[in-house]
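**Student:** One-letter residues, chain by chain:
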Amino acid sequence: MPHAAVSEAAASAGARDYHALIEPARINSRLYYDPAIFQEELEKIWYKTWVYVGHTSEIPNKNDYVTKSIGPMPVLMVRDKDGEVRLLLNKCPHRGNQLCAYQKGNRTSFTCPYHSWTFSNTGDLMGYALPDGYEGQSKAGLNLGKVPRIAVYRGFVFGSMAEEGISIEEHLGGAKAALDQLLDNSPTGELELTAGFLQHRTKANWKFMLENETDGYHPGFVHGSVFQVTSSGIGSLYGADSTALTRDYGNGHTEFDLRPEWRKNDKPLQWFGTTPERLPDYVKSMNAAYGEERARQIMIDGSPHVMIFPNLFIAEIQIFVLQPVAVDETIQHVTAVQFKGAPDINRRLRQQTMGSVGPAGLLLADDTEMYERNHRGAQILDPEWLVLSRGLHRERLDENGFRIAHSTDETPQRGIWRHYLNLMTEAR
Amino acid sequence: MTALAQSFADVSAPDLAAAEPAALHHQVAQFLYLEARLADTHDYDGWEALWTDDAIYWVPANGDDTDPEKEMSVLYDNRSRIGVRIRQLKTGRRHTQTPRSELARVISNIEVAEVRGSEVDVRANVLIYEDNLRGDTLWAARNVYRLRMVDGAFRLVRKKIALVNNNKPIYTLSFLV
Ligand code: FES
Ligand SMILES: [Fe+2]
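Residue numbers (the numbering used here), protein chains in the order written: chain A, 1 to 428; chain B, 1 to 177.
Please keep in mind that the hints were generated in silico from the structure rather than gathered at the bench.
Idealized CB from N, CA, C, for every residue including glycine.
Just to be clear, a hint being listed does not mean it is correct.
Straight-line Cα separation of at most 20 angstroms, PhoX-like style, residue types lysine-lysine; simulated pairs [what the hints assert, rightly or not]:
no.	chain 1	residue 1	chain 2	residue 2
1	A	176	A	81
2	A	340	B	70
3	A	104	B	168
4	A	48	A	146
Not close to chain A: a few residues of chain B, all C-beta gaps over 10 angstroms, as computed [unchecked claim]:
no.	residue
5	162
6	167
7	168
Produce the complete structure using the sequences and hints provided.
**Tutor:** The structure is reproduced here in structure tokens:
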């Protein structure tokens, strides 16, 4: 059959037909385990679209740097000698040596250990060893590589490896409101992510994490053990009677919106499992910053549960950064949300974070077990198609025109794949 | 009551500094082996009973000299959270331990670092071989223990497990380490 032969040849040449793998309410398992698809994702998603890199509070002083990443690729997030945030690529332009081998530090320049070329923390080549060997040659074009586009939204630093594309505002769209909601919970409107990250190595494709972060169907089952042994009472948020919502913001961003439940109960700080009496300093500074009425509303609504495509997950009190390193391996970087100027709540935020997430977390160790079983299961040949049809009949639009549905519905997952299909089939 | 405990003039307030060093070392090693066996065999109640009320069970991240009150740790449990952790394991729905990891650990290089009244600080190296659904994982750590002699037997006050690779991404760590 000549037709089949042609399409096979086209597939091996990279023109994979993603429309044949993604339907509105079901997707093909191959999307999770095919190494060629992973390579294409690097090109069409990770090295193209806006990706979250880090937070400005991780480099508070001039000449601070931290090693971050865009997909598998390491990136140096630097505050240069003039205080400007830069994203440099950690590769010596001479012969490609890894330039900086440390997680973080403070320095005005980086010297390559191989032949001692030295770069300022703006990325410019300052000089090389034994310069007589380059007599008559220009230093132009010998600077460190840079992430071509960088955008900072209220401290969140995003990078894009594409020279051109939509603005960060356009990319974030409606999900920008969720970032604002998070920052409203800070009496100063700012975060201070200074507690360091846990790194949870996960033998599974990154998209299992992307989808699960706003999956409200699983908690009652995967985390039933936690609900059973703690008096958190949050198990009911994931039941049939919950008024919580799932939301598709478009552009792959999704949310699990608990505000309807919190507003119904009308109790400040219930979202955090506590009361104003137990955090008097925090409440006082919130009242001073926003006025009592507004502060009360902020403390009722709480912090968002939002997945910013493709890699920034705000889980109320944690910041997760998803880093794919191979088709079957992802690193979940996670730290506690820390509000600038709120030491009493910050302490509890750290304690709860350490208990619930990371490699030993009461919650995330079980999610991660599911990711790894997901990945092994996906490779079994039959059935080939996986089902994302939950709640199709009750999906509707909210007042801003975003798709919403019941807290256990698969509206977010359908939204993620809709966006993924766009990115993977976009003309270059 | 152990022979070591019986050697103290006042059993209720033993002065471990007065103990014969070899006997103390032996007694410490016996305790570490017991604790290791209870953890390896998932004897959750037996393991939990080793802890004192002021317990700290700590697995640091990003180095071994971090401040757990300010920086993130993989695990930083007080006595009450140890209890929650154990109760979760006992629900039978701690999925990452259902089925349980198969474990064998080796403890070596046991050194008594400091003795103060009824307490002793101990250093030891540990290698843990874990087999589970994902595959095989080898864990290596430099541990620091604080033991307290209570009613003639050692109890566990503090255990710090400094994984040698704790500045890198690590797999799920859901067994008793
Ligand atoms: S590779 Fe860096 S100086 Fe030669
Ligand atoms: Fe979960």
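**Student:** Can you name, in rising order, the numbers of the hints this structure does not satisfy?
**Tutor:** Hints 1, 6, 7 not satisfied by this model.
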